[in-house]
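Visitor: Line order of the protein sequences matches chains A and B.
Numbering of the first sequence is given in the working numbering, commencing with residue 1 and proceeding in unit increments.
Numbering of the second sequence is given in the working numbering, commencing with residue 1001 and proceeding in unit increments.
It should be emphasised that the hints constitute simulated quantities derived from the structure, not laboratory data.
Bear in mind the structure is a predicted one, so any value in this text is a computation, not a measurement.
A virtual CB, placed ideally from N, CA and C, is assigned to each residue, including glycine.
Warning: the hint list may mix true and false statements.
To be verified - In the DMTMM-like style, the derived pairs of lysine to aspartate or glutamate whose C-alpha atoms are separated by at most 20 Å in a straight line are: (1) B:Lys1103 with B:Glu1319; (2) A:Lys97 with A:Glu291; (3) B:Lys1182 with B:Asp1237; (4) B:Lys1189 with A:Glu291; (5) B:Lys1182 with A:Glu459; (6) B:Lys1059 with B:Asp1286; (7) B:Lys1223 with B:Asp1237; (8) B:Lys1243 with B:Glu1262; (9) A:Lys135 with B:Asp1133; (10) A:Lys343 with B:Asp1237; (11) B:Lys1147 with B:Asp1286; (12) B:Lys1103 with A:Asp179; (13) B:Lys1243 with B:Asp1230; (14) B:Lys1086 with B:Asp1028; (15) B:Lys1296 with B:Glu1056; (16) B:Lys1223 with B:Asp1201; (17) A:Lys343 with B:Glu1218; (18) B:Lys1149 with A:Glu459; (19) A:Lys343 with B:Asp1028; (20) B:Lys1189 with A:Asp179; (21) A:Lys135 with B:Asp1201.
Claimed, not checked - Residues of chain A clear of chain B, computed beta-carbon distances all greater than 12 Å: (22) Asn215; (23) Ser331; (24) Ile419; (25) Cys427; (26) Phe462; (27) Met481; (28) Phe495.
Said to hold, decoys possible - Chain A regions said to be covered by chain B (calculated; three or more residues, Cβ under 8 Å): (29) 125–139; (30) 339–351.
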Amino acid sequence: MIEALVSIFQIDVLIPWILAMVLGIFVGGVPGLTATMAVALIVPLTYHMQPIAGLAMIIGVSFTSIFAGDIPATFLRVPGTPASGTAVLDGYILTHKGKGGLAIALDLFCSAIGGILGILILIFISPLLANFALKFTHYEYFWLGVLGLSMSTVISKGSNTKGFFSMGIGVLLSTVGIDLVTGYPRFTFHNSELMGGISFIPVMIGLFGISEVLNQIITTNNIDISLKNADISDKTKFSLREVFKEIKTHFLLIVKSSVIGNLIGALPGAGADVAAWVSYGAAKKTSKHPEEFGNGSIEGVVAPTSANNAAIGGSWIPALVFGIPGDTITSIVLGAMLMYGLKPGPLIFEQEMGLVNQIFAVGLVSQIFLIIIGFAGIKAYSYILKFEKNIINTSIIIFSIIGAFALRNNTFDIGIVIIFGLIGYFCEKGKIPLAPMILGLILGPMVEENLRIGLVKTEGAFLPFLSRPISLVLFLIIVLMFGLAPIKKLIKKMFTTNKEKK
Amino acid sequence: MKKLLLLLTVLFVSSFFAFAQGETEAEDFPTKPIQVICPWSAGGGTDRTARFVADELSKILGQPVNVVNKTGGNGSVGHQAGADAKPDGYTITNVTFDICALKHLGYSDLTPAEYIPLLQFNEDAASVTVSADSKYNTLSELFDDIKSKPASSFTFSGSAIGSAWDLSRLALFDAAGVDPAKVLYVPSKGAAPAITELLGDHVDVITCSYPEVAPQVEGGSLKTLAVLSDERNPQFDNIPTAKESGIDCSYGTWRGFAVPLETPDYVVEILTDALEQVINSQTFIDFMNANGFGIKIRVGQEYGDFMISQYEGLGPMIEKAGYNN
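The task is simple: from the sequences and hints, build the whole structure.
Guide: Here's what the structure looks like:
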């Protein structure tokens, strides 16, 4: 391990590695550009490097971009990556309360801590976890999806009915496109654009980003501007002492969220975005102050950001142990390894232990670089925030549109951003929460496809969804999550009424 | 009158210039960057080959060649964009096997006839893979049991409904004379999730290309029974063909390049020549070998005929499976 650490500190590894991490800040910071795209573009450049230099670039860019996605989410309410959808819920509120700097600094440190924990789990128990992940099939993924969807009532502020309604819209939207189970094109009206389905990234950019810009443009005419240029720079300031104090207070939550994130990341059927949502819901469910969530809760910032970076380490678990991708990035990695002349898969631990150790070392050291480069990124963003509000708003729109287009090089997605910007604006006017809609769009296919494919396997029998150990546990968690509170209430009520009778 | 004469002269001269300009354009193609449309997402196999060929192509043509991923709809979005592009040779489509199935599946009206074929450079035969501790060691043993055991005793997987590996399965069953409905088919988003399912013992058999399962086969967790090609592949000649098990079936996926109809002949010629230079180079062969992609070359008309015959063959197969939407 020491040998591996020393070997990665050479100029022809360090330079591409750090450059890739800086690129990650940019990719994560621009909505629509994803870590997967960055990795796909980087890989052809690495064919002539030594394998560890190429892998360091990929690992570095994944960590910085997942963190950097939180920056525009926190400051501007535009999630930079799918995994930062949760950062708008509390981070942006904190920015409005003048604590944006604290929120983003917490994001940075918790991302690094989550990253370290994720890598440590990868180092020490990856074979165990990988075997556990293999036990997951459609039945288990179905319940995991249901668990995630049920979070929509947990995460939404205010009316549960409206949260549920919003989630339903998301689920319905996710059914557009070619159905995986039958191959039938649904709701496509013979339009080849709709055939590809409604991609959730442009929807997310529209719902959160564009709708907020609209909201600001419309309200600033009436009310005086709350965010004056002078105090914006203050809003990105923070004291390190405060950051460390919060980390200390919430350390257990950070560890818990990282473990959840890592486990979900290790499942080939779920990634960093699902990890962030589930850990957010779990944090709220177990919090002593659930009412603060959505109103600028520190816990609501800390939990998802730890989880999504821990998920990166998780996604490498099946990739290294079995040679099967844990997410889209690791699937590109497996292809790149072939180009480096490596054989990914079960034999890698025997034949390339030196390289595996180097990967671990890169993963850990990347977290230190992440903090340094991340600070630079935050600083750069703070400068942007010093511009006039109208310039910022215009650039949000421009970047949102470019980002949405870049995703699939499709002008159709620009339309999606604009339409959902309007939908988002009117939903907020009607106090319909937006987060459940995104959740429905992300998890709808997970629930639907796994249920239907599971039923294909069992020829219609529902029993395996309950009789398998892991699926039963997941089912019980869902039952307890929603059943426990009413049951407790009922017992309490019975108890008190009995007393009264006496 | 003088004015009219002047006007006519101007018109004549300018039209001459316009014509002359057209002429020079005709002589040197390309004069601006070329775009390669890849109907599949960045980082996948098709994207990787497209980017490699694009790099090599730009060295030969002296113009940047950029890969643009237009994904969605089982490849229909990208293939459509490529067919609808301006027929000037500046937009090339990285056509894949799926173009032959799109119309039959009801995803698009596109057929291979809507392109001018340049060349095909790749072919990956499907292979049939089971778990290493499965009791089957040959394809014929497996099919004997599929025939004799009750329906739905076996679960297959490999790709989405109507995609390459599912269609390969249909072709295999067709050749073996067994109704494909006798086994359950678990659709998956691609080979990788199907391999995961097989490793976890959640399905019994998968169909996909051999290089995709090679790491697990060599690592001892999976076992490939046969490859669906006419001859054994020299790169992995320990894997028998289906023919050797008495099932005459060769099927798989392929990749190639095409341009929209009405692209001028001289442009087609320049592009084909340049592409031929690329795919005959040692660097290309090394790249394909390192990635485990098979090389199969069909140029021009031969490639076009191949696509049309495959397109026609898929019609009855897809109808029989009930996939025609």
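Visitor: Of the hints given before, which are not true for this structure?
Guide: 3, 4, 8, 11, 19, 23
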